[in-house]
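Protein chains in written order, with my numbering: chain Z, 349 to 699; chain W, 2 to 502; chain E, 1228 to 1353.
Worth flagging that the hints you see were computed from the coordinates, not collected in a lab. For each residue, glycine too, the CB sits at the ideal point set by N, CA and C. It cannot be assumed that every hint is accurate.
Listed below are the simulated PhoX-like cross-link pairs for lysine-lysine, each with C-alpha atoms no more than 20 Å apart in a straight line [to be verified]: (1) W:Lys30 <-> Z:Lys618; (2) W:Lys333 <-> W:Lys494; (3) W:Lys494 <-> W:Lys61; (4) W:Lys373 <-> W:Lys311; (5) W:Lys494 <-> W:Lys49; (6) Z:Lys659 <-> W:Lys70.
From chain W, some residues computed to sit far from chain Z (all C-beta separations above 10 Å) [unchecked claim]: (7) Val297; (8) Gly365; (9) Ser428; (10) Ile438; (11) Ile478.
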Amino acid sequence: MEKGFRIVPELPIWQFDVLLLILVVLFAVVALSIQNLMGAAVVFGAYSFMMCLIWAGMGAVDVAFTEAAVGAGVSTVFVVSTLYNTGATMHRRAGGLGFKLFIGVVVTVAGVFLLSALPDFPEWGDTDSPVNATVAPYYILNTITDSHVPNVVTSVLADYRGFDTLLETTVVFIACIAIYSIMRVDKAKFETDEPTIVAAPRYDPGDSLIVRQTSRFMVPFMQLFALYVIAHGHYSPGGGFQGGVILGASLILLAISFDLKFLLRQWSEKTLMLLVAAGVFLYAAVGLACMFMGGDYLDYGFLDPILPGEKDMARSHGILLVEIGVGITVMFSMIAIHINLASNGRFDRGL
Amino acid sequence: MTEHLPIIIILGPLLGAVLAAFTAWFRPKLSHPLVFVGLAISFAAALKLVFIVADAGAQKYWLGGWGTKQGHGVVGIQITVDHLNTLLLAAVSGIALLTTLYTKRLVDAELARRQRYFYALFSLLVTGLLGITITGDIFNLYVFMEIAALSSYALIAYGRGRAYMAAFNYLIMGTMGACLYLLGVGFVFAKTGTLNIDDVSAIIPELGQSQALFVGFVLILLGAWAKMAFFPFHGWLPNSYAYAPTASTALLAPLATKVSVYAMLRIMVTVYSIDYIIHSPATQSLVLYLSSIAIVAASFFSLTQTNLKKLAAYFVLSEIGYMVGGAWLANKPGLTGAMVHVVADAAMTSALFMAIGCIVYRLGQAQLDDLKGVFFKMPVTMAAFVVTMAALIGVPPTCGFFSKWYLIQGAAQAGVWHFVAALLLSSLVKAIILFRIIEIGYNRVPHPAIEGNPAIPRNEAPLSMLIPTVAMALGLIALGLVTSTLVNTIISKALPAALTP
Amino acid sequence: MENLIANFNYVIVVILMMIGLWSMLAQKNLIKKCIGMAIFQTGIILFFISIGAKDNALIPILTEAANHTYPDPDIAKIANPLTQILMLTAIVVGVATLGVGLALAQKIYQQHSSFDEDEILENQRK
Chain Z
349 MEKGFRIVPE
359 LPIWQFDVLL
369 LILVVLFAVV
379 ALSIQNLMGA
389 AVVFGAYSFM
399 MCLIWAGMGA
409 VDVAFTEAAV
419 GAGVSTVFVV
429 STLYNTGATM
439 HRRAGGLGFK
449 LFIGVVVTVA
459 GVFLLSALPD
469 FPEWGDTDSP
479 VNATVAPYYI
489 LNTITDSHVP
499 NVVTSVLADY
509 RGFDTLLETT
519 VVFIACIAIY
529 SIMRVDKAKF
539 ETDEPTIVAA
549 PRYDPGDSLI
559 VRQTSRFMVP
569 FMQLFALYVI
579 AHGHYSPGGG
589 FQGGVILGAS
599 LILLAISFDL
609 KFLLRQWSEK
619 TLMLLVAAGV
629 FLYAAVGLAC
639 MFMGGDYLDY
649 GFLDPILPGE
659 KDMARSHGIL
669 LVEIGVGITV
679 MFSMIAIHIN
689 LASNGRFDRG
699 L
Chain W
2 MTEHLPIIII
12 LGPLLGAVLA
22 AFTAWFRPKL
32 SHPLVFVGLA
42 ISFAAALKLV
52 FIVADAGAQK
62 YWLGGWGTKQ
72 GHGVVGIQIT
82 VDHLNTLLLA
92 AVSGIALLTT
102 LYTKRLVDAE
112 LARRQRYFYA
122 LFSLLVTGLL
132 GITITGDIFN
142 LYVFMEIAAL
152 SSYALIAYGR
162 GRAYMAAFNY
172 LIMGTMGACL
182 YLLGVGFVFA
192 KTGTLNIDDV
202 SAIIPELGQS
212 QALFVGFVLI
222 LLGAWAKMAF
232 FPFHGWLPNS
242 YAYAPTASTA
252 LLAPLATKVS
262 VYAMLRIMVT
272 VYSIDYIIHS
282 PATQSLVLYL
292 SSIAIVAASF
302 FSLTQTNLKK
312 LAAYFVLSEI
322 GYMVGGAWLA
332 NKPGLTGAMV
342 HVVADAAMTS
352 ALFMAIGCIV
362 YRLGQAQLDD
372 LKGVFFKMPV
382 TMAAFVVTMA
392 ALIGVPPTCG
402 FFSKWYLIQG
412 AAQAGVWHFV
422 AALLLSSLVK
432 AIILFRIIEI
442 GYNRVPHPAI
452 EGNPAIPRNE
462 APLSMLIPTV
472 AMALGLIALG
482 LVTSTLVNTI
492 ISKALPAALT
502 P
Chain E
1228 MENLIANFNY
1238 VIVVILMMIG
1248 LWSMLAQKNL
1258 IKKCIGMAIF
1268 QTGIILFFIS
1278 IGAKDNALIP
1288 ILTEAANHTY
1298 PDPDIAKIAN
1308 PLTQILMLTA
1318 IVVGVATLGV
1328 GLALAQKIYQ
1338 QHSSFDEDEI
1348 LENQRK
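All chains, please: the whole structure from these sequences, using the hints.
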């Protein structure tokens, strides 16, 4: 945490923030008006990166980290793999202008209505605003005594508001099994079941030696970093989500640079889908264990008879356990979702 | 153990779903019983809590033991069971339990080999709905909303074909609703600094007149309306419910929209006080007009439908108008009516879609013209159907009569006659549709005894579907008989104290 | 006007929200709708992060190396952790919704070989 991490240093750099904010709006407009959908996906990825910078500038490093991994990284891959199976061009059709104008008016009215609340807001950066002075200080003042976790974001995420995180993991799990149920086609019935129009692959993955060797070289480092992010989330930005997404992305990178089959040889469909459920189960089971030890649901403090250390260290270890659960679910969900989208639900070949 | 009951309501279906996702790969047959057991545990806990709440008042539970801290308010997440939500919790878990029994045969018939994750998603949807009902934290409510929403997109998409587009439209509208809700929560959070419902409701009166709070209120309401398919946002609902598999609709239609109505009631009554509505008469009368339009338009469209499932979907839309209107009357009978109707309508819609499911199971589809002779073919199912329609029309002693009575009383007391007219018109339209179905089902075939035709063979739906259907229809009458007890012991205590009697 | 500059972040939030909402409702292309949805969500995240920002604050990690007067930190110098956690959840929910939306869009494309809403509706009427 040297000088480099200071958010607003002595030099006035607010112009930089304003520039970024304007660029974000510009990128949003471009992403939505561009004709080529592949281009739109790429511009949208750039938009997400720009957002990361803004959030990091406001001290939200964990959020920026997640957005970089999820919004700019995996989301873009999802859009690209969808387009791989469909087609990237969109033909603009005439007409419908009246409807678009009508929606425009509605949206503008909504915007003016939102802006009408502007004078009522606490000023930007006010340290005494209700948000900064009511509940939040408790976390900053007590995280060390409660759980010995210096990263306040981690302790709030997994402990004080751990229930939200359990449900958030469930959301990822639901998305994974929902996409599986929507996309997966029975191989035996594939020919007869429903007529499908599959566009010919537009971007031949080909045999690029450089891409293959580079990604083969990079993957171990990515995975090592991801494990560090999960395990060191107590002390530095990161945690189960970010680490899980990076782990998932490392395998997705392999799948893209080699072949989907390459990935499926190591991780079968069944293993993947079982592990997705296993992460949520681990999280929920830790909560249940707390209940059986006499505490409230997710009160890791009561795990001290089975985890090393006193109540506060038991909390710290409990947080690590649930973060691992989150990491497992997120990692395998991302892979399973990618395989479904990229192979059109056939689990054989694809992007 | 009693103190853990609130969380057990959520954990039952959640763990049931996760375990079902495991067994789906080893023993697919185990998924259904696992989900059933999870929901049964949840229902038992919810039922027990109804009595506890009636005796001892609201029960609160803090996740991770993070309760109120001096000077900061509640720092964790709180779940609450009080007079406002306890009945709905029991209704949601009970209806879900019966629906689980009911859907087994339908799923085997409709989805056959694609049902691997159906029960897991089914159970997760119930988790989300129960969570929206039980939570005492406005952000946690958003997360539960998304859990319910994502699983329902998948359940609708199981219908394939046109269901994909219907599910996509629902996804866009649903996400828009959730985002508006979240933005509204942001506005409330910016002014109050806390997310706990009790703490927010204690702080809001201190802030006085605040434009940010008002904008937040409107955003939250718009979000809830998009989720419940209230009038300007209703477009996604009929197609979604009509093209989804009957098994999904049997769970979605009775519960999903009702729970969103509850969320609106919770925000109106507990988070913001009811004075907020009484003091802005312009908004109030606008919403009342919208409710009347919703009822009348939905009734009109239901007359033009030829598909039984779509027709029932328009009934759902008109009932939403009842509840929103009743809540916005903001007087004692109106609010009572809305609260009773949330539970009553969940039961009525469930019975309706169960009966329709039985018909679809035997006839293969549900066009009105296919119903010829159905009264001879499936007399028990049709008896349940007629009882349900009677409840929807509002014939005493079914539960539909009592809730409607409260609503009309409330509207008359507030002098909102267009709402009274809309309520009566909607009953009339439902009666017309019932008689039309009776006419098709009884009379459009030559009577076997008269013309010497071979008798139409009786061919009821299987017992595993028929028993829940009949039980639900009988439940409507039972619910009607206990309505006054429920109102006196539970619902009257959920009304805000500020209301004049 | 003074308000507008002091609260520039909020103005951008409202603009992003308008862009996203317009795109979700008025665009005909399903993929564009999905992207609009994601833009709406990031706008909301920006809003939450903005209300939790503090002038001259450090990231919410309390270590001895940072000038946090550890272990008894100065609240005014540390960014608000609560809004950040809420938005972590929102980001993950956002990507989950996006994934499901894309899966549905892909299925629709297989039936109609188009992402255009009008074309799909025409096809369905046939």
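inquiry  = Lys373 (chain W) and Lys311 (chain W) were given as a pair; does the straight-line alpha-carbon distance stay at or below 20 Å?
reply    = holds, 18 Å
inquiry  = Given the hinted pair Lys659 (chain Z) and Lys70 (chain W), is their Cα-Cα distance within 20 Å?
reply    = Holds: Lys659 (chain Z) and Lys70 (chain W) sit about 19 Å apart, inside 20 Å.
message = Check the hint pairing Lys333 (chain W) with Lys494 (chain W) against an upper bound of 20 Å on the C-alpha distance.
response = holds, 11 Å
Status of the stated non-contact between Ser428 (chain W) and chain Z (beta carbon gap over 10 Å) = Correct as stated: the minimum Cβ-Cβ distance to chain Z is 34 Å, above 10 Å.
message = At 10 Å, judged by beta carbons, does Gly365 (chain W) keep clear of chain Z as stated?
response = Label holds. Min Cβ-Cβ 19 Å, cutoff 10 Å.
inquiry  = Holds or violated: Lys494 (chain W) and Lys49 (chain W), Cα atoms, limit 20 Å.
reply    = Distance ~18 Å between Lys494 (chain W) and Lys49 (chain W) Cα, so the pair holds.
inquiry  = Hinted pair, alpha-carbon criterion (20 Å max): Lys30 (chain W), Lys618 (chain Z). Please report holds or violated.
reply    = holds, 17 Å
request  = Mind checking the alpha carbons of Lys494 (chain W) and Lys61 (chain W) for me, to see if they're no more than 20 Å apart?
outcome  = holds, 17 Å
ask   = Is it the case that Ile478 (chain W) keeps its Cβ farther than 10 Å from each residue Cβ in chain Z?
value = With a cut-off of 10 Å, Ile478 (chain W) remains clear of chain Z, as the shortest Cβ separation is near 37 Å.
request  = Say whether it holds or is violated: Ile438 (chain W) keeps its Cβ farther than 10 Å from all Cβ of chain Z.
outcome  = holds, 33 Å
request  = Would you check whether the claim that Val297 (chain W) is not at the interface survives, using Cβ distances to chain Z and the 10 Å cut-off?
outcome  = holds, 23 Å
The structure meets every hint from the earlier list without exception.
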